[in-house]
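Participant: Work out the full structure: start from the sequences and follow the hints.
Here are the chains, one letter per residue:
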Amino acid sequence: MTIAQAAAALGGTPVCGEENLDKPLTSGCGADLMSDALAFAKHGSILLTGMVNQHVIRTAEMLDVLCICFVRGKKPTEDICELARQTGVTLMTCDYTLYEACGRLYEKGLPPCSRL
Amino acid sequence: MSDVFKESFEIEAGDFASAGEASAKIKSILRMIGIDPALTRRVTIASYEAELNMIIHSQGGVMSVEISTEAIALFCEDTGPGIADIDMAMQEGYSTASSDVRMMGFGAGMGLPNMKKNSDEFSIHSDTNGTRLNMRFNMN
Chain A
32 MTIAQAAAAL GGTPVCGEEN LDKPLTSGCG ADLMSDALAF AKHGSILLTG
82 MVNQHVIRTA EMLDVLCICF VRGKKPTEDI CELARQTGVT LMTCDYTLYE
132 ACGRLYEKGL PPCSRL
Chain B
8 MSDVFKESFE IEAGDFASAG EASAKIKSIL RMIGIDPALT RRVTIASYEA
58 ELNMIIHSQG GVMSVEISTE AIALFCEDTG PGIADIDMAM QEGYSTASSD
108 VRMMGFGAGM GLPNMKKNSD EFSIHSDTNG TRLNMRFNMN
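Chains as they are written, first to last, in the working numbering: chain A, 32 to 147; chain B, 8 to 147.
No lab work stands behind these hints: they were computed from the structure.
Just so you know, not all the hints are guaranteed correct.
[Said to hold, decoys possible] Dumping the calculated BS3-like pairs for lysine-lysine here, alpha-carbon to alpha-carbon at most 30 Å: (1) A:73 / B:13; (2) B:124 / B:32; (3) B:13 / B:32; (4) B:13 / B:124; (5) A:73 / A:106; (6) B:123 / A:73; (7) B:32 / A:106; (8) A:73 / B:124; (9) A:73 / B:32; (10) A:54 / B:32; (11) A:54 / B:124.
Facilitator: Below you can see the structure in the form of C-alpha cells.
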C-alpha cells in the first residue's frame, strides 16, 4: 500500500510531503503516546495519532516513519508542517477516529507493526 | 588503536522545544558517515529516549556519542534527583512523569526498557546526585 492509497482509504487530505505519495508503506501503527510509538512503530510505516505537536514529528524522524496521519480532523500548525518538511515526513489529516482509521487500513491489508 | 569520532551535546532540563535536536544531529552524523540504516535507527531511538529522560527528569546534562570501527557508544550523564528504584524504572509501563509530560505524549514508562532493547550493551547507575547511562551498539 502506498501513502496515496492509504490517503484514499482514509478519505485523507495530504498536508505536506506530497512528493512522497507513491512510496510504499511497510506497516501501520496507531498511538497517542509517542513513548508507545517509539517502542513499537517500524521503519517505513504510517503513524496514526490524535496527538498534534512537534514531538510527533521528531518521534517519526527517529523511527524512519514515512507518514503521519492526524485523526479526528486535527490539523497541524505551520511550525509542525515546517519541521515535517525539514525531516522528510509526509503529513495528512483524516476525519475518522483513531480506531476507525486503523481499522480501515487494516481492512485494506496494511499489516500492523507487530508483524514485522 | 582505531580512530574514534566524538561529539557531545548539552541537554537542558525542561527544554521541550529543543527535544530531539541532539538526537537528530546524531542521526545526521551516522547517516553522513554511512552507518547501516537499521543500526542508525536503533541508536537514534535510544538517544531520543535518553534525551527526553534528561529533559523530563533531570536538571540537565550531557549526551555524548563515540563512533569507532567496532561500535557506537552513547554516554549520558545528568545532574538531578536520580532514579529512586532502577528495577521498577526498567519495567515497561512504570513512570514517574508528570501529567504535563503525559499530555505531550511522553511518560508511558517505556523509555529505559526501549533503550535496553535497542542497544547491545546497556548499563545504568543512579544516585541522588544524578544518573549515568552507557549504551553500546556493535557495528556487526
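Participant: Taking the numbered hints from earlier one at a time, note which ones the structure violates and give those numbers from smallest to largest.
Facilitator: none
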